[in-house]
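J.: Those sequence lines, one after another, are chains V and H. All residue numbers for the first sequence refer to our numbering, where the first residue is 48 and numbers rise by one. All residue numbers for the second sequence refer to our numbering, where the first residue is 2 and numbers rise by one.
Treat the hints with caution; some may be incorrect.
To be verified - Calculated from the model, a selection of chain V residues having no Cβ within reach of chain H, i.e. all distances over 10 angstroms:
| id | residue |
| --- | --- |
| 1 | ALA64 |
| 2 | GLN144 |
| 3 | PHE148 |
Unchecked claim - With a straight-line Cα cutoff of 30 angstroms, these simulated DSSO-like cross-link-like pairs (lysine-lysine) come out:
| id | chain 1 | residue 1 | chain 2 | residue 2 |
| --- | --- | --- | --- | --- |
| 4 | V | LYS49 | H | LYS72 |
| 5 | V | LYS145 | H | LYS63 |
| 6 | H | LYS12 | V | LYS103 |
| 7 | V | LYS145 | V | LYS49 |
| 8 | V | LYS103 | H | LYS63 |
| 9 | V | LYS103 | V | LYS117 |
Said to hold, decoys possible - Derived, one-sided and incomplete: chain H residues facing chain V with beta-carbon distance under 8 angstroms:
| id | residue |
| --- | --- |
| 10 | GLY41 |
| 11 | ASP52 |
| 12 | GLY108 |
Just so you know, these hints were derived from the structure itself, not from any lab. The beta carbon of each residue, even a glycine, is placed where N, CA and C say it ideally should be.
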Amino acid sequence: QKEVEQDPGPLSVPEGAIVSLNCTYSNSAFQYFMWYRQYSRKGPELLMYTYSSGNKEDGRFTAQVDKSSKYISLFIRDSQPSDSATYLCAMASQGAQKLVFGQGTRLTINP
Amino acid sequence: EAEVAQSPRYKITEKSQAVAFWCDPISGHATLYWYRQILGQGPELLVQFQDESVVDDSQLPKDRFSAERLKGVDSTLKIQPAELGDSAMYLCASSLARLGEQYFGPGTRLTVT
Numbered sequence: 048q049k050e051v052e053q054d055p056g057p058l059s060v061p062e063g064a065i066v067s068l069n070c071t072y073s074n075s076a077f078q079y080f081m082w083y084r085q086y087s088r089k090g091p092e093l094l095m096y097t098y099s100s101g102n103k104e105d106g107r108f109t110a111q112v113d114k115s116s117k118y119i120s121l122f123i124r125d126s127q128p129s130d131s132a133t134y135l136c137a138m139a140s141q142g143a144q145k146l147v148f149g150q151g152t153r154l155t156i157n158p
Numbered sequence: 002e003a004e005v006a007q008s009p010r011y012k013i014t015e016k017s018q019a020v021a022f023w024c025d026p027i028s029g030h031a032t033l034y035w036y037r038q039i040l041g042q043g044p045e046l047l048v049q050f051q052d053e054s055v056v057d058d059s060q061l062p063k064d065r066f067s068a069e070r071l072k073g074v075d076s077t078l079k080i081q082p083a084e085l086g087d088s089a090m091y092l093c094a095s096s097l098a099r100l101g102e103q104y105f106g107p108g109t110r111l112t113v114t
């Protein structure tokens with residue numbers, strides 16, 4: 048079993064829809080949680096960075112962390128075609144101090 | 002806006018040849034990372050530097066891969082000899098400190114024929 052599980056998709060939704068992306072993990076020591084967006088043939092771009100549990104909002108993006116369920120989510124409101132990309136979750140523990148990435152979910156927003 | 006620079010962007014090489022990638026992190030970032038990303042998967046850490054010192058190279062295939070960051074600024078990743086299975090995107094990232102926000106470069110796409 049991988050430490051971080053992420054549904055690879057692909058996920059296709061119409062423009063304006065609310066998108067929900069999720070990851071589950073098995074390592075209870077993870078405390079730092081990140082979401083990256085990666086366009087085709089580009090490097091990942093940091094979207095959200097959260098520590099421990101709770102919610103964080105930035106514009107149309109909201110990140111949620113539920114440590115009790117070992118589950119994190121990224122919500123995209125009013126989705127745009129420019130949001131079409133692969134979304135990667137990543138997490139780290141204080142001890143190991145290195146990021147473990149999910150497989151990535153490929154998202155397409157249809158105009 | 003400061004960015005991580007990588008070169009070359011694309012590299013095609015024959016198996017058994019040597020290949021090298023270069024990375025220049027964001028100015029002032031003490032921590033530098035090299036990742037390998039196989040198509041359809043997430044990045045996997047190969048090596049992590051804190052200044053000029055290696056702090057994690059547990060996933061680096063040391064029989065053929067080497068990495069250095071001699072002056073604690075830019076870094077080079079080398080593969081010798083390259084194998085077909087090394088075809089992947091090689092990403093460099095940097096952060097101000099360990100466990101800080103990591104910023105990625107555009108990557109080098111390597112194809113081994």
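J.: If you test the structure against every hint from before, which numbers come out violated?
T.: 2, 3, 4, 6, 8, 11
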